[in-house]
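Q: Listed here are the chains, written in short residue letters.
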Amino acid sequence: MLTRTTRSTDSPRLLTPWPSISNPVVFVLLLASIFFAILALARANVLTFPLPNEDDASFFFPAWNLAVHGTLRVPLLNAPDGIFWVPHGFYLWLALFLRAFAPTVEVARTVGQLTTAAAAVLLVLAYSRICRSRGYALLCGLLLVSPGMIFAANTVRMESLMLLLLAAGLLLHSYERRLAAAAVFILAVVVHPALLLGATLYAVGIFWTEVVIPMHLSRPRVTVKGRLLTMVIVSAVAAAIALEGVYLLHHLSTFHQHMAYQIARKANRSPLKTLLTKRGLLLICEAVFTSAAIAYLYRHPQAWRVFVRELLPLFLLALGLSAYATLGREIPYNVYSYAVLPATFFCLTDRMLSLPFTPR
Amino acid sequence: MLAMAVLDVMKPEASTSAEPRASRLYLRLLCFFLLLYIPVQWVVGRRPGSTSIFTSQHRQLQQEFLDMHVALRRQIFSLCTQHGVHDIFFSAADVASPYFVNQAPPGCELHRPTDVTPIAPSRELACSAVVVDESLPDAWNPVRHWEMLGPMEKKLAPLSEWESETGQFGFQLLQARACQQAGQTAER
Chain A
1 MLTRTTRSTD SPRLLTPWPS ISNPVVFVLL LASIFFAILA LARANVLTFP LPNEDDASFF
61 FPAWNLAVHG TLRVPLLNAP DGIFWVPHGF YLWLALFLRA FAPTVEVART VGQLTTAAAA
121 VLLVLAYSRI CRSRGYALLC GLLLVSPGMI FAANTVRMES LMLLLLAAGL LLHSYERRLA
181 AAAVFILAVV VHPALLLGAT LYAVGIFWTE VVIPMHLSRP RVTVKGRLLT MVIVSAVAAA
241 IALEGVYLLH HLSTFHQHMA YQIARKANRS PLKTLLTKRG LLLICEAVFT SAAIAYLYRH
301 PQAWRVFVRE LLPLFLLALG LSAYATLGRE IPYNVYSYAV LPATFFCLTD RMLSLPFTPR
Chain B
1 MLAMAVLDVM KPEASTSAEP RASRLYLRLL CFFLLLYIPV QWVVGRRPGS TSIFTSQHRQ
61 LQQEFLDMHV ALRRQIFSLC TQHGVHDIFF SAADVASPYF VNQAPPGCEL HRPTDVTPIA
121 PSRELACSAV VVDESLPDAW NPVRHWEMLG PMEKKLAPLS EWESETGQFG FQLLQARACQ
181 QAGQTAER
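Which chain is which? The protein sequence lines are A and B, in order. Note that this note's numbering has the first sequence beginning at 1, numbered continuously upward. Note that this note's numbering has the second sequence beginning at 1, numbered continuously upward.
Mixed in with the good hints, there may be bad ones.
Said to hold, decoys possible - Computed Cβ-Cβ distance ranges for the label pairs, DEER-style:
1. P151/B <-> S33/A: 34 to 44 Å
2. T166/B <-> S235/A: 48 to 58 Å
3. P158/B <-> R73/A: 27 to 37 Å
4. P105/B <-> Q257/A: 29 to 39 Å
5. R28/B <-> Y298/A: 39 to 49 Å
6. P151/B <-> S235/A: 51 to 61 Å
7. P105/B <-> N23/A: 53 to 63 Å
8. L35/B <-> P271/A: 28 to 38 Å
9. L275/A <-> P105/B: 28 to 38 Å
10. P105/B <-> P271/A: 41 to 51 Å
11. L252/A <-> L36/B: 13 to 23 Å
In short, the hints are calculated from the structure, not lab data. Glycine included, every Cβ here is placed at the ideal spot set by N, Cα and C.
Work the whole structure out from these sequences, hints included.
A: Structure (structure tokens):
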């Protein structure tokens with residue numbers, strides 16, 4: 001039986017004799033169980049789901065080289081000038097752990113498992129704030145204990161870190177720190193381009209909020225600490241992007257050469273065929289659902305204002321990520337298409353259903 | 001948690017007013033679809049490549065891969081310390097080198113190209129070089145394959161090979177034919 005816990009301002013939605021999720025200790029225990037469930041499932045399937053694959057080497061060696069030799073040049077991969085077909089954020093992140101513990105692929109895989117599990121917990125926390133129900137957020141969390149997440153946890157790739165950044169951004173958004181959230185989504189672009197379209201659409205969404213909703217309604221009253229946090233996050237992200245930009249400019253010809261290969265590889269895939277896959281059909285459903293929601297809510301001014309401020313940027317972010325995951329057509333993107341995005345859409349829909357519907 | 005404490009933002013006006021909740025029917029329908037999606041997700045996502053989650057062969061595959069790694073390390077160590085080999089070339093599809101890199105034998109250098117950074121074939125044909133050709137189930141497609149040596153295949157001859165108990169994992173160590181023939185002549 002589903003238990004609905006509510007915030008002090010909300011009235012209870014479903015009354016059950018089982019109010020335990022409203023107890024923070026129980027909620028934390030359930031979050032911990034999601035964390036350990038993902039960790040345990042990943043450990044139980046290590047080296048077979050997925051099998052060892054070439055990506056392990058391609059993404060491990062640059063981080064290994066940075067941790068052991070202190071340079072982004074990777075002579076071992078015949079890349080004496082460095083690797084430029086993906087950005088360098090993941091290598092820096094992984095190298096920190098390889099340096100701190102041991103420069104082995106086992107440490108790299110453990111970092112992926114812990115990061116994925118932590119991302120799932122942060123996502124559920126964000127869902128609980130977005131849909132204002134811990135019980136429903138935990139139900140969405142069940143979608144995260146899934147093959148896609150286990151696969152992401154067990155690969156030495158950047159999906160785990162991307163999930164952590166996505167979760168951190170969603171959490172910031174749920175606290176009305178929209179600029180900081182946008183900065184975190186944009187930071188994800190120096191890890192992997194998967195969020196490039198999503199982050200852009202999110203930025204458009206929050207800009208639109210400023211246009212559509214009167215200033216005094218759209219701007220949350222922010223504490224000094226909150227403002228400071230936003231400034232720190234935005235400055236750190238700007239510095240990270242500037243560093244990546246300067247590094248690319250210093251290696252522009254290698255960057256061109258590596259990206260030409262990537263673009264040629266991805267351009268071989270027919271977008272039309274891609275849309276007729278399972279992922280493509282999910283994307284179409286998500287796009288149709290979002291459009292229908294926009295069309296319907298537009299006629300309800302009170303609900304429309306809340307929708308535009310709280311939910312629309314997240315719908316746009318999710319659609320952007322879904323489009324990338326579908327058109328990118330890589331198996332590791334299953335974690336977005338089949339796990340995180342459906343969970344996010346379920347959460348957003350639950351919140352949408354509780355908006356104040358009064359016709360225009 | 002510290003960050004959450006810092007994020008003590010007050011809610012904006014629009015959402016603090018008491019909001020009507022959705023009807024129970026819609027919420028129950030949503031929960032129903034959510035719960036329905038869980039088994040669907042496990043069915044769709046459980047087999048994205050050549051193995052499935054909770055495969056019955058888990059222990060066997062894991063053990064055979066580790067056996068391959070140990071055998072490869074042993075043979076490469078022997079070549080580097082006793083047979084004058086200085087360069088070990090893996091292929092762009094190699095999976096073993098990350099497990100090997102911290103135990104590379106002294107005096108031997110590992111090379112592992114990628115599809116974007118290929119290695120000139122002439123380097124692999126040097127007499128101080130050995131090429132590692134791995135065979136294993138493909139992580140992405142349900143086929144087992146030997147790595148693609150391409151046009152190099154005719155110029156190389158096997159020095160040694162290894163196969164796991166069920167034959168799912170294996171490798172060959174190869175060297176330029178010309179070097180092997182020269183070595184045999186010198187031995188005579």
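Q: Determine for every hint whether it applies to the structure shown.
A: Comparing the hints with the structure gives:
no., hint, verdict
1, P151/B <-> S33/A: 34 to 44 Å, "violated (55 Å)"
2, T166/B <-> S235/A: 48 to 58 Å, "holds (56 Å)"
3, P158/B <-> R73/A: 27 to 37 Å, "holds (33 Å)"
4, P105/B <-> Q257/A: 29 to 39 Å, "holds (33 Å)"
5, R28/B <-> Y298/A: 39 to 49 Å, "violated (26 Å)"
6, P151/B <-> S235/A: 51 to 61 Å, "holds (53 Å)"
7, P105/B <-> N23/A: 53 to 63 Å, "holds (58 Å)"
8, L35/B <-> P271/A: 28 to 38 Å, "holds (33 Å)"
9, L275/A <-> P105/B: 28 to 38 Å, "violated (51 Å)"
10, P105/B <-> P271/A: 41 to 51 Å, "holds (48 Å)"
11, L252/A <-> L36/B: 13 to 23 Å, "violated (51 Å)"
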